[in-house]
Amino acid sequence: MNVMKTTAALAAGLALWTLALPVQAQTEAQKALSGTTIHFLAPSMPQFAALGKFLPEFEQKYGIKVVVDEVPFENYRQKSLVEMQQGTGTYDFFAVDVMWLAEYAAAGFLEPLMPYVKNTDLTDADYDIDDFLPRVISGTGVFNDTLFTIPIGAGPVGTTFRADVAEKAGFKLPERFSPDFTTQYMFDAAKKVNNPESNMIGFANIPGRWFWGVTYLPYLYAFQTPETKGDEYVDKDWKISINNERTVASIDYFTSFKQFMPSDSANWGIGEATAVYQAGNAFGTWNYQDFVKGFFEDPETQAKVAGKNVHLHTPVGPNGVIDPWFGAWSLGLSKDSKNKEATWTFIQWLTSKDIQARATQYGAGPSRHSTYKSETLAKYQPWWPGVYEFMLKETNPDERIRVPEWAEISDIMGEEGNRVWIGEIDSKTAAANMEKRMTEAMRKGGYYIPGRDDLPKQQWRDLTYYDRLPSSWN
Amino acid sequence: MSISEHTTTAHALTFGQRGFLSRFGPSNRTIFPWVLMAPTLIILFAIGIYPFLYSLYIAGHNVILSKPYIPQHFVGLYQYQAVVQDPEFWHALRKTLLFTVQAVFIEFWLGLGLALLFQRQLQGVAFMRLFILIPMILPPLVTALVWRYMFYPGAGLMTYYVGAVTRALGLGEIPFLSDPVIAFQTLVFVDVWEWTPFMFLMLSAGLASIPRQPYEAAEIDGAGSWRVFWTITMPLLRPAILIAVIIRTMDAFRTYELIVIMTRGGPGNATTTLNVFLTKTGLEFFDASKAAALSLIMMMIIIVMSFVFIRVFRSKTEVAE
Amino acid sequence: MKKLSSMPESPSAPPAQRNWWVYVVLILVCVVNFLPYLRVVMAGFMDGATSSSATPIWFFSPSLEAFDYLIFEKGIMKNFFNSVVVSLASTFFSVTIGMFCAYALARYDFPGRDDVSFWVLTNRMMPPVAVLIPIFVTFQTAGLLDTLLGLIILYTAMQLPFVVWMLTGYFRDIPRRYEESAMVDGDTWFAAFRKVTLPIMAPSITATAIFVMILSWNEFAFATFLTSNQAKTMPPAIMAYSIGADIKWNVLGAAVVLITAPLILFVLLLQRQLISGLSQGVVRK
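Residue numbers (the numbering used here), protein chains in the order written: chain A, 1 to 474; chain B, 475 to 795; chain C, 796 to 1080.
Treat the hints loosely; a few may be bogus.
[What the hints assert, rightly or not] Here are the simulated DSS-like cross-link-like pairs (lysine-lysine), alpha carbons at most 27 Å apart as the crow flies:
1) Lys191/A <-> Lys258/A
2) Lys61/A <-> Lys869/C
3) Lys335/A <-> Lys541/B
[Said to hold, decoys possible] Here chain C is said to cover these stretches of chain B; the calculated rule only asks that three of the stretch's residues, wherever they fall, bring their Cβ under 8 Å from a Cβ of chain C:
4) 512–523
5) 753–760
Don't read these hints as lab results, they were simulated from the structure.
On a predicted model such as this, the values are computed, not experimentally measured, just so you know.
We put the CB at the ideal spot given by N, CA and C, even for glycine.
From just these sequences and the hints, can you work out the full model?
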């Protein structure tokens, strides 16, 4: 409780300190919006809780009230889509997962944002859209050359290991992104320290069927060859191409970790695996960069592991390929909003340099150059600056192909993969089933209509598309 | 004011002016029941008719709600065909029936057993009733989460204590939620845990209202307890059983929260029931048309099941009387 | 279990002499039914670290951290209040309205009676997911989204089939001659219903109302989709606050305490009525 109070006092102090500064000149247009109330639909996740701490400051400054409606993550996509489809206008803006942008934007549920960014009446002169990492903003918010959302944190998926356990076993884990950290190395290391009798399992994997789209995926990528990169799911003509030996090998690798885990683990999700790791009973587990602070490095609730972790990327595959994953959440303005200007005023304020840098103290992740370089980030989340180069040059926004059919693709992958985990089918059958069922999903999506020539472009085949300067999008 | 005048006034106050309205009054045995039922029927109709027509309409088209850009057109019975040809549908139907039959069967016998125990009017067990009722009071969602907590790795009570026992016996850990067969039975177990109290309550009520005379007669005849149970208790309990079983069957058939929180249809597809399949189709993939066809098919199945059940049960009851 | 169920005892049989095994069975059942609940309630009084410990912890210094979070930081009492209003009102309306329908089905023999009764029941068979979108659209058109009134109307309709089916059985068991004699004495139908039938039915109606109350209080699916900030009830709120990227068990525990407390108190106070009410009708000849 004391810590909470101190944090609150600190936040209040910070707020006062900013207010005491010569207040940034508000435009006439912004002043006119005072008194408005805007509504935000958000999943209940730590990132959004971190941003919630800044609401009072915003309300005081602009006189606009922000009401947040939290929905369990499990129901979030359903609820947001129902609200959008029916055009209720109940919510002025939504939290948008990077994977759902195609779905939302293709259906026309979101408002293009560039006109607002360029509107000097509503956007602070200091906003500087080009301060965002190109691939982060284009990968998160751009659909069809148009900017629809502004990211509030984006990061890669990786693995977290116990450095102290490795040391006791007589080895030292490699650096992040080191070519020495291969899939083989990871398996051998896990095998070496695995000792369930004394409560230390080699690796707490996440095989639950609805998680494969985020936990298995890095291995599907790692097992590609440089030539097959980009053909993980579909070939150039949008034909499903998942049934191949690389998929089979990666499923076999992923499920080989079963031998380290308790027999009742086929349904483990992020919660279960993390809990086992936090309890000090696992050598390694899955991580998402945005969760590191809340899951592994909080000395209050994770006394057994905080400060003893090494945060690595997912391993390099047998052909030297590394997974280019990144996940992100962003804010999108509803096309049915009746307070678009007030809402944009909030979004631009929340994603401004100042607030973004300060939010990292509470666990929010960076998506701006300036945030990556800020002292707050270095102080409170020192594991971040290390991924800056990766996010700038390596990452592939379309690693999970961002098509409206992703929900189905991911579900099929999870179901078939999970059946391999429990030994119901082998990986070859799984890959064949995946191909068959995903093809059906794509057919339903209208990809194979004979003579159709307006299929979306596969931007991931030339990543320079995503390197455009943020301000150059429509 | 005479008494008769007084009643006339009261009558007039209740049913408005004598004359037109009184035609619908209690004295009209054909129309009055409809007057009494009208509010219920109107509300049910008002809330139910649009969803029903909507489902019928949508099931005849190709609407994917999250893809408004796909042109919509009439597809006839295609969606029903798509459902029936989907192997996942048959798999889910099998799982649903298996789940419903097992859960209701076990709940019924356990509930009846408990109700019979309480019939013995033992000293000092009244307070136990509340303990027994607790699972029913919890929101289904919370029940599912509570049991997920029980099976959580490490601190889960089942994982920890039952695991310790089975390990000591050399059986290793039981994959409560990880083996296709065991996971399914685990869900049945939790459903039984949650709803046996309901059966217990309904059947207790039924038992308590059975008159004593038949038992006394049986005692005089010297009938054995087994015979008394089957010839007196069970037949007289029939109306209570009918309501309890039919309500439970309907609810077990559409169990959702429990499955989605505990296994979400997994491992593999071992616990994917019709309602899980329906939610996935309708609210994850937003394939509204297929979901509508599926829900209408589900509706037909449960209607036929209930109808047959009621018919069979009612006719037997009448014979027994 | 077959063994247990084959113990036919007359309802008012005298206590058997040696029935220690009955106590053993009952205590066992109580433990099985109560332990999971007790466990999650205990978690509600733990701090975050204790509730996510590696092994079960039974002794700990209690903390109100989770309650503090729910009540003061999240303002869950507003949802609590919404739940109280919605469940009380929908219980009242569904029981009052359904009562007359049940009465008509029990008392009058008119053509199509069985069909009406069955049709009423079919309204309970549709899975919520199937009707969610059309109901959402209806509510949107009628301006009922995110209002307590909307939820009250919906829950009333949802519980009507149950009320009608439960009460029909009970009404059928009240001898018609009671009312008839009252009406011969000069009472109107309604007065007879109010003075004679209702008092006899009161325990059964109370029992039915408790069931309906529990169902309305616990409803989740519609509450999630049809409410936002204003009318949100307890179940979606506790889900949102206790499940984030992982499950916060102590918050869930505290939420369970808050959401079950009123029902437990309610059942505790009314359990005699619940049993006697349910046992009043059904088969009495």
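Given that the stretch 753–760 of chain B was listed as covered by chain C, double-check it with a C-beta distance under 8 Å for 3 or more residues.
holds (count 3)
Check whether the Cα positions of Lys335/A and Lys541/B lie no farther apart than 27 Å.
OK: Lys335/A and Lys541/B at ~16 Å, within 27 Å.
Does the alpha-carbon distance linking Lys61/A and Lys869/C stay inside the 27 Å limit?
With a Cα-Cα distance of about 23 Å, the restraint between Lys61/A and Lys869/C holds, given a limit of 27 Å.
Do the alpha carbons of Lys191/A and Lys258/A lie within 27 Å of each other, as the hint requires?
holds, 11 Å
Has the stretch 512–523 of chain B got at least three residues whose CB is nearer than 8 Å to a CB belonging to chain C?
Coverage by chain C holds here, the residue count being 8 at a Cβ distance below 8 Å.
Taken one by one, the earlier hints all hold for this structure without exception.
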